[in-house]
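Student: Take a look at the letters that make up each chain.
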Amino acid sequence: MFELLGITPQVLMGQLLLGLINGSFYAVLSLGLAVIFGLLNIINFTHGAQYMLGAFVAWMLGAYLGVGYWWALLAAPIVVGASGLVLERLALSKLYHLDHLYGLLLTFGVALILQGIFRDAYGISGQPYQIPDLLAGGHNLGFMFLPNYRAWVVVASVIVCFATWFAIEKTRLGAYLRAATENPTLVGAFGINVPRMIMLTYAFGVGLAGFAGVLAAPIYSVNPNMGADLIIVVFAVVVIGGMGSILGAIVTGYGLGLVEGLTRVFYPEASSVVIFVIMAIVLMLKPEGLFGRSA
Amino acid sequence: MSEAGAGKGAPLLKVENLQGWYGESHVLHGIDFEVREGEVVTLLGRNGAGKTSTLLAIMGILGKRTGSITHAGRELIDLPPRRIAREGIAFCPEERGIFASLSVEENLMLPPRIAEGGLSVERIHDLFPNLKERRRSQGTKLSGGEQQMLAIARILRTGARLLLLDEPTEGLAPVIVQQIGRTIRALKEEGFTIVLVEQNFRFAASVADRHHVVDQGRVVDMIPAEALEDNKDRIQAYLGV
Ligand SMILES: Nc1ncnc2c1ncn2[C@@H]1O[C@H](COP(=O)(O)OP(=O)(O)OP(=O)(O)O)[C@@H](O)[C@H]1O
Ligand SMILES: [Mg+2]
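Heads up: the protein sequence lines correspond to chains R and S, in order.
Quick note on numbering: the first sequence equals residues 1 to 295 in my numbering.
Quick note on numbering: the second sequence equals residues 296 to 536 in my numbering.
Heads up, a few of these hints could be off.
Said to hold, decoys possible - In silico PhoX-like links for lysine-lysine, alpha-carbon gap of 25 Å or less: (1) Lys427(S) / Lys170(R); (2) Lys483(S) / Lys94(R); (3) Lys170(R) / Lys436(S); (4) Lys427(S) / Lys483(S).
FYI, nobody ran anything at the bench for these hints, they're computed from the structure.
The model shown is predicted, which means the values in this text are computed figures rather than measured ones.
Modelling step: build the complete structure from the supplied sequences, incorporating the hints.
Tutor: And the structure:
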């Protein structure tokens, strides 16, 4: 039937895979945003820059210190998370008693500064990052060729998303987080250190962005604008999924990646706007998002 | 040391000239009272008298407060809420504060242990069998009475020995109120010290050793349980019932 439309299975599967890979990044990034928004009530506009930072830290570790991909995959998210911890302590934490707008402006400003610094230091042409030897090459699946690294991106993102979901929904630490999201005052009155929890949650959320950045490094060239382009789409994903919903962020991330891929097959002209069209429709019909609790 | 009531031992909690504000609005104008170890005392008073605000001030979650609050001799007035909790004070709020995104069991296990001597989960399930049956339910799917029991139950595990309970009987059916009364007497047997905020005077009379009347942000009277019969008219005038 697809042949009738002039679409070969190769094209369809290829675009679906591409959609799934984009969806992997959407999912990990919107998950980080959702975790942060849930507890801090801040829309973290620095998220894209922190994703870029993750990629750059991985690249710098390799270029200057000879650290390979696998160690970078571990170290870069920690570095990005630690930088988030400092940002939260020195700046964000001073704004919690003010309107959300201040947090938004601050994180947006920090994003511009970070991008500016890297643009100034490395230009916008982009730095190449090698696929690790272990994941070089690919497999011929008969109907399509599957590059190993792309398969790994999907697997790694699924593992990270599942682990995060599990930690939040099924563990004692996650129960603290959920409770503090609902009523931080009462949780504090039970003797739990809520400010520290907020700090670590922010660090974890931006650490996820750093992780996504490392995953992206071998696929896209490492350049200062890589986050700015992506993050706009990710914000739309978060709005569609519902602010602060963990499962919503994950499912919507992968789902919209696939939708985008399908659109590229059947109506390529719309592929770059389809997510925003869906966002507009969702905002009209269910403003709290597909998985959001109505306020 | 002051000699309020029939003196036995130093006060566990002593509140002196406590003033409190919500933003600009001054609502506590000098609360004074004390509680000795093992006592159950009440704060009685009309709507808006300042009972809840007094408990919030003790827990450190009222916007601004001055005066003195000592617990076991330690001054709390400048401590943040989490440190006050860690001094051994546990709070059960008027709105109960059951978390919707947590199961009954998660709600129960949420407050961290801050000292030895809390009740075991088995003992808590003895006191509140419903909570055991429904431990997998979502916290806010419980009935009002069960939610109240859960709100009390979860602060018994922590090892805190001073409990602040804000209107635990509000809006509950008489049989549930009786069950909460039995629970409070059992807790007193276990040696807990309890500050109970109430509007239900009959309930308060059935469980407490002493009563403080709060009016317009002050404690205006203190009546020991023994003197209650002789002072019924006075109290009813205060409470406007
Ligand atoms: N969040 C708030 N902001 C401003 N004023 C408040 C707030 N909460 C309570 N008040 C005011 O503080 C005063 C004391 O209120 P409080 O809640 O302590 O009374 P209460 O004795 O607990 O009453 P109730 O029996 O109705 O629970 C009242 O005048 C009330 O209007
Ligand atoms: Mg009250």
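Student: Each hint: holds or not?
Tutor: Right, here's what the structure says about each hint:
1. Lys427(S) / Lys170(R): holds, 19 Å
2. Lys483(S) / Lys94(R): At roughly 43 Å apart (the allowed maximum being 25 Å), Lys94(R) and Lys483(S) break the hint.
3. Lys170(R) / Lys436(S): Holds, at roughly 19 Å.
4. Lys427(S) / Lys483(S): holds, 22 Å
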